[in-house]
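Given chain A's structure and the hints, the job is docking chain B onto it.
Listed below are the residues making up each chain.
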Amino acid sequence: MANKLISEIPLPKSIANVFSARNISTAKDALSLTEFELMELLDVGLTEVRSALSQISEIVAPPYQTALSLMEQRFQNEHLGGHFPTGLKGLDAALCGGIPFGVLTELVGPAGIGKTQFCLKLSLLASLPTNYGGLDGRVIYIDVESKFSSRRLLEIGLRSFPEIFQMKEMAQEMAGRILVLRPTSLAEFTQSLEQIKVLLLQNQVKMLVIDSMAALVSGEHEQGARRQQTLSWHISFIKSLAEFSRIPVVVTNQVRSRNHDDASRYSFQVQSRDGAIETPMQYDSHLVAALGIQWAHAVTTRLVLEAKSGERFIKVAKSPISPPLAFPFHITSSGISLLSDDGKEVMGPEINAIHCQGHNEIINFGMEGLH
Amino acid sequence: MEIWRLPISASQRGKLISSGYTSLSSLSSISSSDLARELKVSESEAMNILKVASHSRGSETSNASCSIVEGAQSAWDMLHDEESLMHITTSSADLDNILGGGIHCKEVTEIGWSSLSLIVNSVLKYKLTTAFSSESIIFMLIGGVPGIGKTQLGIQIAVNVQIPNDFGGLGGKAIYIDTEGSFMVERAFQIAEACIEDMSEYNRFLRKDFQECKIKMLPQDILENIFYFRICSYTEQIALINYLDKFLSEHKDVKVIVVDSVTFHFRQDFDDMALRTRVLSGMALKLMNLAKRFSLAVVLLNQVTTKHTEASFQLALALGDSWSHTCTNRIVLYWNGNERYAYIDKSPSLRSASAAYSVTARGIRNSSSSCKRIKMM
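If you read the sequences in order, they're chains A and B.
Read left to right, the first sequence gives residues 1 to 371 (full-length UniProt numbering).
Read left to right, the second sequence gives residues 1 to 377 (full-length UniProt numbering).
In short, the hints are calculated from the structure, not lab data.
Don't be surprised by glycine CBs; every beta carbon is placed ideally from N, CA and C.
Check the hints yourself; a few may be wrong.
[As the list claims (entries may be wrong)] Here are some of the chain A residues that sit facing chain B, going by a computed Cβ distance under 10 Å:
{"#": "1", "residue": "S25"}
{"#": "2", "residue": "A27"}
{"#": "3", "residue": "F36"}
{"#": "4", "residue": "E37"}
{"#": "5", "residue": "D43"}
{"#": "6", "residue": "I56"}
{"#": "7", "residue": "P62"}
{"#": "8", "residue": "T66"}
{"#": "9", "residue": "P162"}
{"#": "10", "residue": "Q166"}
{"#": "11", "residue": "S232"}
{"#": "12", "residue": "W295"}
{"#": "13", "residue": "V299"}
{"#": "14", "residue": "R302"}
With the rest of the complex left out, here is chain B:
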């Protein structure tokens, strides 16, 4: 490894190189006072450089015995981790299904799945604790035309993440980052109410003596656990993503971050497109980092724009191609005939499929006309 890759300031790097220290190994056997004298810097600064150097060298060579590369994880371990991860339901069984639901569910869920599948479809969706999970599905982008239900899906996820463990949910809290001002607290209340109703209904089916375990949750409690941030400029958006690190370490029970929409401010007041791409991908990296460190799901909602390809205009997600590389999973919501459909546009682990869903007064649900109509493409 060479000097220029060390995270030190440019002038220090310049001094090191001009004094002949070009590789890390050349720094390995020098004392801090010698280095300070040679570079004409203070001893503490030299100490710092050595610390940084030995740290990066350490990550290169040590720990070779326990795992070949530090920080790496074998595919087998990853599978194990993924399976133990919990899922958040979208409240639409079809939608959950194409998102890999019903496969990686926990034990409780599987019992519920088989015994309940015969009963009522509307109850079943709560056993389908699914979707957005497993390392790879954790980072997800949802796009669609105006009025298709992106914000609805965002609110639904923020509510559903709070379904308690007993019901196969995560029992976590949600962060809702609103860049457009489209979050409607009345709507969140409606969805929360419907969610609690469904849970008590489910309770009655699974446990005959429903007197005992009445749902003690109120819609107010659900709203209390949604942390709402209103963002008014892209600077604030970047600042907030930076700050989330600290916020999350204070609120460890947050399990999902919903950003609605990630692109709104970046589509205005940005002149330098190259800079925009750099800043955006930096932001995406930070979000991905957060998702991993705090094991939570990140759901980004994106706007749609028109794009000229192959001599015709088509709909495409905003902010161009380089941005779509950063997202692990991309889901596009669209109209198909008279129904709303979700299509998995890109995913490393899920097959490309589409499913119908509907937006009802109670929130996102299965499309009424299709109980079992998942079309594999």
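So that you can see chain A by itself, here it is in the shape it has in the complex:
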């Protein structure tokens, strides 16, 4: 609605003419100026400007919904009330049924922890018919790091849903629903996002996976402001894709080591701590998510995958629904699974920390288990 043409808004004729004469053609142009700037520019009185603005605003402003109608609508139109079950029971329970539709869910963790494994499992699940708990639709998998393995995908399928994947034609159909894109540059990625938008409009795609977002952005623009800007465009675009098509969007994020310039406190905290003993804020791990704080604000659910004292954990680090829980998990030939469905509540900012201790042993162990 932001780019609505002023000529389509039923303003008084005289005012509408003034707007078009001054080359203010869209609502966006008009509303980006202050009242007094408009008065200057259009050379009309304050009352006229005000009434014109209020008319434009009324048309551009989106209509309201009560939260109740929003909820009813979700439950009526959407499969499973707008949550996609991951098959990990404890996690699903914590997230009110699974990965929410219409918003971003992020997986962040060190290399080799199982992010891609989780993504593979999710895309497989989404392609399944609804009576198997799937979404019965296509999945778009944007594989930036070339880590997608169709063999592994089918292995997971065969182990977790033998009754489907033992039939060759069923297996073919399910795997055929997963479309893998391999953009090599940010520009290509942007282009494929635009294409995806069209597909989403035709309502054929039920889930979008981007593995990984960080590889794309950090690969191209190493530094500063430019990176922030390209990132913020992508953030809003992906968010709006998720929103209008109401599908779950899963994005992975890498980790990097903490820089000395990563702030974790406010100026007032620093002042109050002079001479005080309170400095336990140092994390024992030095890892942080690769994409910074602006990205972290944009994701609705953040799941941290980490390794700690020989065990792997999946932690619900940010969620509007779930309490901060940690679940131990492992990766077997049938994909990711939880060792326990009872999450352990994590206190404090610990939930955001990303540990990577004794990680190599687990991976080696896990690989042995696979073969």
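Below, chain B alone, put in the same frame as chain A:
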């Protein structure tokens, strides 16, 4: 007062000045037809100019007897008004406390306060109908790192504003403006449910015969009274704030506007930073105006970014310094050890203090480990 301050169009102003009318007094004794002839404009236009002129002069000189400056209010009257204003609880007693709760409560509340303080802390929070009130606390900005609970606090406020008058609440409705798409209706339902449970529990304590006054509210009713707007661009955000004026005059029972988050769209697609500042402060002014006219609270949630100061990087609220001037109250949510804390960063009437809170399945509550641990800084 001079001509250039009149809210008239530039060409009219130009004509007035070039014809020698530079001050308002020069317009005081001229008829509209004379003016029309001199400025070479239509008579109705001249009439309009005179109307505007006399209006602004009127506000300058008349009414001198009843109050010295029209529109002004003495500090004493303001205090009176502030005290009679109602409060919305945050459901965390500690948080309410540092927000000036328990001081400006209404009569019902004070009774409840003393008699209940000995009973259960969890019940007490509903008597603490506090926070966000009094003229000065009405406009408030809350910021914090991702996952600290900003959206949770926003939803909690939208639910708590509906606590009926009998329970010391406002019994109002809420507008929730969602710019990020982070509002979760399931979560709102959970919080509403917990809120109703707490109210009936409180009922049992205060009135022994709890059969009589059963809570007739359902979580559905609470959700029904949250007006949800989803904003997808900054243009829509500006348009909506403009339109709220009309919306509020049709829905007079709205008592709180929550904007989550106010900065999201302004941090993308804006190239001209000076324009951004102007548009933002214009928006803030309009919101403040709404808060005053319809006597409601405005709660803005803000994102956090990193900022380079004094040779080190620190967290700071997004959108820079000029924006932080526009907000009367600023509250920063942060981690302190293992607890979530709220800190009053800026407020004209409250002391700088911090309090612990926690986010539970039932919503925002007091921090479990601290019943009475408010630290004054």
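### Query
Can you list which hints this structure breaks, lowest number first?
1, 9 and 10
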